[in-house]
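S.K.: Sequence:
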Amino acid sequence: MSGYGPVDTELARRILAEAPVWHRVLTNLETGAPDAVCRYRPSAALRRFIDIRDERCRFPGCRMKPLRCDADHTIAAADGGGTSPCNLADFCRRHHVLKHCSPWHVEQDGGGRLVWTSPTGRVYSDFVPATLTFVAAREPAWAAERATATATATATADHDPPPF
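Using my numbering, you'd call the opening residue of the sequence shown number 1 and step up by one each time.
In short, the hints are calculated from the structure, not lab data. Keep in mind it's a predicted model, so treat the numbers as computed, not measured. Check the hints yourself; a few may be wrong.
Straight-line distance between alpha carbons at most 25 angstroms, and here's what the computed SDA-like set of lysine to any residue pairs gives [what the hints assert, rightly or not]:
no.: 1; residue 1: 65; residue 2: 94
no.: 2; residue 1: 99; residue 2: 81
no.: 3; residue 1: 65; residue 2: 129
no.: 4; residue 1: 65; residue 2: 117
no.: 5; residue 1: 99; residue 2: 64
no.: 6; residue 1: 99; residue 2: 109
no.: 7; residue 1: 65; residue 2: 82
no.: 8; residue 1: 99; residue 2: 51
no.: 9; residue 1: 99; residue 2: 49
no.: 10; residue 1: 65; residue 2: 113
no.: 11; residue 1: 99; residue 2: 42
no.: 12; residue 1: 65; residue 2: 99
no.: 13; residue 1: 99; residue 2: 119
Let's have the full structure, built from the sequences with the hints guiding it.
M.R.: In structure tokens form, the structure reads like this:
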């Protein structure tokens, strides 16, 4: 509990059982200051990032939109998997359950690429090329014309005597 110091095991179990969200706070043993805060559920910003990156359920061939998907840990949080972009992916409920309750296996290969292994051993690589891309802006034609006119006016003004 924040601000109350250590709690006994029984109270900790009751608090964790009733909490909708929990955070693991790792503290420095010498100073008592927090070193890291871990959370199971992704923040709103992280969830937005995952939804934009994935664009759909990441099971090969599924087209379910992120709005109807769960952000799932590739390596379970209970097994030490972090709540981070390199360990989260969007799965519709059907494929989320399939991942946990069947011989299908998935790994993240970096950059948002998922590698699935089917129960028969066949490997599927799933990568969603970004629909939204940012490119360097080109200068509009009118801006180039304005720059040329300004350069010409400046060059002409340098050769003319001042009007006074």
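S.K.: Against each hint, give a clear statement of whether it holds in the structure.
M.R.: Here is how each hint holds up against the structure:
no.	hint	result
1	65 - 94	13 angstroms, holds
2	99 - 81	16 angstroms, holds
3	65 - 129	15 angstroms, holds
4	65 - 117	23 angstroms, holds
5	99 - 64	16 angstroms, holds
6	99 - 109	17 angstroms, holds
7	65 - 82	24 angstroms, holds
8	99 - 51	19 angstroms, holds
9	99 - 49	22 angstroms, holds
10	65 - 113	17 angstroms, holds
11	99 - 42	19 angstroms, holds
12	65 - 99	18 angstroms, holds
13	99 - 119	11 angstroms, holds
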